[in-house]
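*Asks:* Given chain S, work out where chain D should sit, using these hints.
There are 2 protein chains.
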Amino acid sequence: MSTLEHPETPFLALDPHRVDTNVRRLRRHLDRLGVALRPHVKTAKSLDVAALVDGGAKGPITVSTLAEAEAFAAAGYRDILYAVGIAPQKLGRVRALRDRGVDLVVLLDSVEQASAAGVPALIEIDCDGHRGGVAAGDPVLVDIARALEHRGGEVRGVLTHAGESYFADGDEQLRAAAQHERAVAVRAAQALRAAGFAAPMVSVGSTPTAHFATDLTGVSEVRAGNFVFFDLVMAGIGVCTHADLALSVVVTVIGHRPDKGWIMTDGGWMATSRDRGTGRQRVDQAYGLVCDLDGTPYDDLLMADASQEHGILALRPGSTAKLPDLPVGARVRILPIHACATAAQHDRYHVLDPGSRALTAEWPRVRGW
Amino acid sequence: MSTLEHPETPFLALDPHRVDTNVRRLRRHLDRLGVALRPHVKTAKSLDVAALVDGGAKGPITVSTLAEAEAFAAAGYRDILYAVGIAPQKLGRVRALRDRGVDLVVLLDSVEQASAAGVPALIEIDCDGHRGGVAAGDPVLVDIARALEHRGGEVRGVLTHAGESYFADGDEQLRAAAQHERAVAVRAAQALRAAGFAAPMVSVGSTPTAHFATDLTGVSEVRAGNFVFFDLVMAGIGVCTHADLALSVVVTVIGHRPDKGWIMTDGGWMATSRDRGTGRQRVDQAYGLVCDLDGTPYDDLLMADASQEHGILALRPGSTAKLPDLPVGARVRILPIHACATAAQHDRYHVLDPGSRALTAEWPRVRGW
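Top to bottom, those sequences are chains S and D. Heads up, the first sequence is in the numbering used here, so the first residue is 1 and it goes up one at a time. Heads up, the second sequence is in the numbering used here, so the first residue is 1 and it goes up one at a time.
Bound conformation, chain S alone (with noise of 0.2 Å):
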């Protein structure tokens, strides 16, 4: 049986049971809410972990790229919306999915695009002036449903992203973030239908304000991605705590520079990615935590810095713990920044058994676009 001492480091180790944890925390919220899940498998963009976030029912998912789209189509998902606005270039694969009898939706933000999808659409609405979409407010809503309609689209309704809670501060504020984007959400599906559209999908999310929502009235579903894992990220936001982190890069050390109080890893940006996503945060946790074989945090101890296959470990500046001793072989697990990113950088997840150090498996990452 492998464990998490025998593949070659840098690889990911993924803790199912955490998975499960913090997929079942969300749906119990989102119940009591009384509102579906439509999860982002951006995140993950496994099958496995899919299946573990569902319990194999294959029920509505949001995806980042047509490839994940076809691979979850042809494990036999069929509900399925693309939530990046729809290139013109990118319809051919939209109808080819939707001719095989998968209910594939798109998204859009101008009347250039309603004018040439001719499939069924949601449109992008604003609520925080973060990336796309128009305001809930603005006359063009009516204008896009009604050329989208004109051309052989169908108005489905309205989705909001309130990618700005990322940087919210505290509960308050992210409680508030939450309301905001339900409330813009629900205003312009209200617009749609004052104009005639039944526009049944009120679609919102973010991690963040998934999980601080107390009140969803209105809306029909609920987008969320990064959940399944977490990360340093999440956790400094206040969504969750470094004990809920599923995923961890596993290194070897390789080096030693006392004078400089630095371990060297074999470990580097390849394996963790670029994401610095914690440097505007309250606690900076460079490119993330460090922790043993176990996953306990040591100390302090960060992956400091990092060059394409090199990490450095140090402790956190002003920090008076004692630098492990971790000889040259010894294994250790980085918890991510941004754990999209870093599990992007690799091919597969290494399954941890929970409570153990066995691996159990490996599952495959979608690629490419």
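There's no promise every hint is true.
Identical copies carry no separate label here, and so any pair may be met within one copy or between two of them.
What the hints assert, rightly or not - No farther apart than 20 Å at their CA atoms in a straight line, the calculated lysine to any residue pairs in the SDA-like style are these: (1) LYS260 x SER307; (2) LYS90 x PRO139; (3) LYS260 x ALA135; (4) LYS58 x PRO16; (5) LYS260 x ALA321; (6) LYS322 x GLY261; (7) LYS260 x LEU91; (8) LYS90 x ASP20.
The hints are simulated quantities; they were obtained by calculation from the structure and are not laboratory data.
*Replies:* Frame of chain S; chain D shown alone:
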């Protein structure tokens, strides 16, 4: 025939004519200095690009992973340096390659590693406090060499990497970094020779110092990797101009936020990486410079921000330029911040017919470890 208008975005476009120009420039420079080039294949991770670099000679190369070593060995390369400090567990794969007739040399900087190795190795020397290595004057250098030979290894020589040259400010500092890198490596080799080791290899290199070296007396080879593609970090250091950049990411416009001065694209950090390496240079290029499909930069247009599959194009802060008129469906090319990191986000290169928009081939990349 395929052109830049055909593959679905995002994808990597590679200009082989620029690679060729970049390679000729460095080879000419090193020929004048009388020293060999051992290209680092970690940037391109491509047999096809490597063939451009040495005209199909399959000469000496540097690798950053054993996956690269195995892929290049399978293609006929026989002189390979694995330039990341060796983790003892990886020695099985090293020996397997050596048993197949590949002269694979490893790197180490401790008696622990030397005692375990049993294969030819270079000893890593620290020239600027950037990463691993021992000081050139440290007596442990000879202890490492003795441990290596005692356990059946072979002291091939020394290696150093002026990693801090990436943060040099101006030509004078770059020339000084190159001179220092050379001096440290030669001094370390002399210390080994004084102790009775032949130490024939004196390996130095980084893309900046390789180009700014004015004297490489005593050096046997120069390693450089990034120079095949160059990128905005290298242009910011002054090693190349924007016109030398051989790699770009082709993306499609998917929306507009005129209220914010944003053009939205379907290329996010999944296509460019999270590398923000110009953030501490004089000119911050954010996630990259935006060019038209023919490769001409738009005035002051940056990829200002990135989500997983969304890019935001915007004018450089303070610019008085006009946002170009790029409708939904239009394609642009993003010049990368850090070519090694951007290329690593993709499985293949789409190869340009220089001077046109035609694509002539797809070249795969080596992945994983």
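*Asks:* Are the CA atoms of LYS260 and LEU91 at most 20 Å apart within a copy, between copies, both, or neither?
*Replies:* neither (55 Å within a copy, 27 Å between copies)
*Asks:* Could you figure out if LYS260 and ALA135 sit no more than 20 Å apart (CA to CA) within one copy, between two copies, both or neither?
*Replies:* between (52 Å within a copy, 13 Å between copies)
*Asks:* With 20 Å as the alpha-carbon cut-off, assign the pair LYS260 and SER307 to within, between, both or neither.
*Replies:* Within one copy only: 17 Å inside, 35 Å across.
*Asks:* Give the relationship of LYS260 and ALA321 under a CA distance limit of 20 Å: within one copy only, between copies only, both, or neither.
*Replies:* Only inside one copy: LYS260 and ALA321 sit 15 Å apart there, 46 Å across copies, limit 20 Å.
*Asks:* Reference check for the pair LYS58 and PRO16, CA-CA at most 20 Å: within, between, both, or neither?
*Replies:* For LYS58 and PRO16, the Cα distance is within 20 Å only inside one copy (18 Å; across copies 45 Å).
*Asks:* As a check of your reading, is LYS90 near PRO139 (CA-CA no more than 20 Å) within one copy, between copies, both or neither?
*Replies:* Neither: 27 Å inside a copy, 62 Å across copies.
*Asks:* When no copy is specified for LYS322 and GLY261, does a C-alpha distance of 20 Å or less occur within a copy, between copies, both, or neither?
*Replies:* within (10 Å within a copy, 50 Å between copies)
*Asks:* I want to check one pair: LYS90 and ASP20. Are their C-alpha atoms no more than 20 Å apart within a copy, between two copies, both, or neither?
*Replies:* neither (34 Å within a copy, 34 Å between copies)
Of the numbered hints stated above, those contradicted by the structure are hints 2, 7 and 8, listed in ascending order.
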